[in-house]
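Undergrad: Okay, here's what each chain looks like letter by letter:
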Amino acid sequence: MAQVLPAERDLRRVIGDGEGVPDGEVEGLSEDDLLELHRRLVQLRTYDERSLVYHRQGRIGTYAIFWNHEAMQAGSVYALEREDWIFPSYRESAIGLLRGMPASTVLSWWRGHPTGWWNPADWNVASICVPIGTHVPHAAGLAWGKKLRGESACAVAYFGDGATSEGAFHEGANFAAVMRAPLILFCNNNQWAISTPLEAQTAAETLADKAVGYGIPGVRVDGADVLAVYEATREAVTRARAGDGPTFIEAVTYRAAPHATADDPSAYIDPARVEEEKERECLGRYEAYLRRLGLLSDEAAEAVRAEALERMREGIAQAEAEPAPDPALLFSHALASPPASFDQDLAELRRVLGG
Amino acid sequence: MPELSYREAVRDALSHAMREDDDVFIMGEDIAEMGGSMGVTAGMLDEFGPDRVRNTPISEMAIVGAGIGAAIQGMRPVVEVMYEDFTTLAMEQIVNQAAKHRSMSGGQLKVPLTIRTQGGAGWSPGAQHAQQLEGWFVHVPGLKVVFASTPTDVRGLLWSAIYDDNPVMFFEHRTLYGIKEEVPDDLEPIPIGKARVHREGEDVTVVATGRLVHEALAAAQEAEGEGVSVEVFDPRTLQPLDEDGLVASVKKTNRCVVAHEAVTRMGFGAEIAAVVQEKAFDWLDAPIERVGAKFAPLPFAPVMEDYVVPDAADVLEAIRRTVGR
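First to last, the sequence lines map onto chains A and B. Quick note: the first sequence uses my numbering, first residue 1, plus one each step. Quick note: the second sequence uses my numbering, first residue 1001, plus one each step.
These aren't lab readings, by the way, just hints derived from the structure by calculation. Don't be surprised by glycine CBs; every beta carbon is placed ideally from N, CA and C. Where hints are given, some of them may not hold.
[Stated by the list, open to error] What follows is a list of derived Cβ distance ranges for each label pair:
{"no.": "1", "chain 1": "A", "residue 1": "Gln344", "chain 2": "B", "residue 2": "Pro1057", "range": "41 to 49 Å"}
{"no.": "2", "chain 1": "B", "residue 1": "Gln1108", "chain 2": "A", "residue 2": "Leu35", "range": "32 to 40 Å"}
{"no.": "3", "chain 1": "A", "residue 1": "Arg180", "chain 2": "B", "residue 2": "Asp1186", "range": "48 to 56 Å"}
{"no.": "4", "chain 1": "B", "residue 1": "Thr1088", "chain 2": "A", "residue 2": "Gln344", "range": "26 to 34 Å"}
{"no.": "5", "chain 1": "A", "residue 1": "Arg241", "chain 2": "B", "residue 2": "Asn1055", "range": "48 to 56 Å"}
{"no.": "6", "chain 1": "A", "residue 1": "Asp209", "chain 2": "B", "residue 2": "Asp1186", "range": "55 to 63 Å"}
{"no.": "7", "chain 1": "A", "residue 1": "Val21", "chain 2": "B", "residue 2": "Thr1088", "range": "27 to 35 Å"}
{"no.": "8", "chain 1": "B", "residue 1": "Trp1123", "chain 2": "A", "residue 2": "Pro327", "range": "47 to 55 Å"}
{"no.": "9", "chain 1": "B", "residue 1": "Pro1057", "chain 2": "A", "residue 2": "Arg241", "range": "19 to 27 Å"}
{"no.": "10", "chain 1": "B", "residue 1": "Gln1108", "chain 2": "A", "residue 2": "Leu293", "range": "50 to 58 Å"}
[Claimed, not checked] Reference excerpt, derived from the structure (chain B facing chain A, CB under 10 Å, subset only):
{"no.": "11", "residue": "Leu1004"}
{"no.": "12", "residue": "Ser1005"}
{"no.": "13", "residue": "Pro1112"}
{"no.": "14", "residue": "Leu1187"}
{"no.": "15", "residue": "Glu1188"}
{"no.": "16", "residue": "Ala1195"}
{"no.": "17", "residue": "Leu1241"}
{"no.": "18", "residue": "Glu1243"}
Given only the sequences and the hints, what does the whole structure look like? Please build it.
TA: Dropping the structure here:
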């Protein structure tokens, strides 16, 4: 069972610190599950670290870093079924990897190549929207549709602490709550919205307190504890499938990396606090937990990393091998039934391009 | 042939689609027991139940956003935004989201969402309750925009909107809900992007939308008494525009008046004028005249509203100006 540390209000944890705080365990997770979760964390970590390098090398565009957010993504997705829909924010750009999406697809997306536009219906992973929080109503509507159709699937919307200030978050949460839609509102509270700290974002004591106003449960969990995230999400999914409506999960962490590759946080963040967070980052903590249980050897950890790196090497090679897209896609993608003006616009484009 | 009001024609199209297709459902504010603020969905709750005729919180962003979420999994939701003025609260969802998701998925994701809304002056509701904002949406790639002016058209076009795989902004005009007309026994879909010529004429084409179609027809009747033969051309779909039909009509009459209730300046009529001058400049015998509302917020006072909003007399004046050249 998850333990509660009173010093940090209602913050659920499973992983101990190897000293005074004992390790817990999550009922129903086998050793294979624990190792699979590790593999997924490493996959995401490797994706993120390599993407930063690829950006610096000019091989992908501006990139939203998610270092130390991996536990929130891997833990929550592990509690889902394939039929459940994921509505990511840009911070979860690579979450499709957890569904088997090729790394080349996500890298192509960051390269601005059309092959990076995955079909959401193929993966049950929605397109990423730039305006903050705007996808919360989409997830609410998809969840409502599932309920209308008598299907058991639910939806998870991921967003950051800053998104809770948006009207779309409020309207989506309230709508889903009133409709008893099978939705999980997953807030990755990394305490920064670019340069705006949480205390400038809200006067609420915790973000989970907002759930009270919607009449839904608000759960706080250590966002760097993959097992606590998994367990909290599993409970929310159970509620959703039982017809009991949405749950708000506030996963608390601290942003230990820049907002994105275009951001220099030295202007606003305390570097000592960042270093402190790096000491307790989610992958290292989980690996220490597995080692204490005797489930992870150096060789096994190395093999998992090598596999993840290989996947990235293949991914970037595939992405870079994609031929330039056909300019006709510009218009043909815009409407399901292109209007009469389509042919004129395309002819003009080809003329400009010197076809 | 049954006689239906514009209001009943909208309801008929919705009900037909919902009877035949479980994936069609409607949601919006006060649409269930109350039947919507205009009574359009009255009685539908009894037939289809509270899940498929769904009252929502007062939450335009969520109504449209949730419609998108339901649509991307293959459903065909029809959401109602009570007044056009309130679409402003959902602009992010309409402009950035519904219109863009197909493109942002490489053409793979469909958003078969219909957004019904209504507006229009003539009952003195003031600045925030009767605007005609359809001109905002024609400017957004990825949206289709329909504005029907008769019971037959509203029925057939709403059906087509529901079964279009793109998001469609579907505008109804408040003052038209009561007009009646005999409609075909069987619901006949009307293709989106196809205009209708309400009245053939030789001397001038009046391109009119929504309520102004009826004002234009009244003006045409008057003009006939003055020996002027007027063609009344209703695009019905503003985006995409039936440019071929428009140009053919102007090439025949050699004169063009554009009439809509929305403000004239920077309006949809300017686009009509641009298309005509681009494709039929050499056929024009006179400058294109525009009829629309004065560039002012709609006033509360009835007498001032009358002054701001155009009617048949304004269309007739424009016809006279253009044939007098």
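Undergrad: Going through the numbered hints above, which ones does this structure break? Give me the numbers in ascending order.
TA: 3, 5, 7, 10, 11, 12, 14, 15, 16
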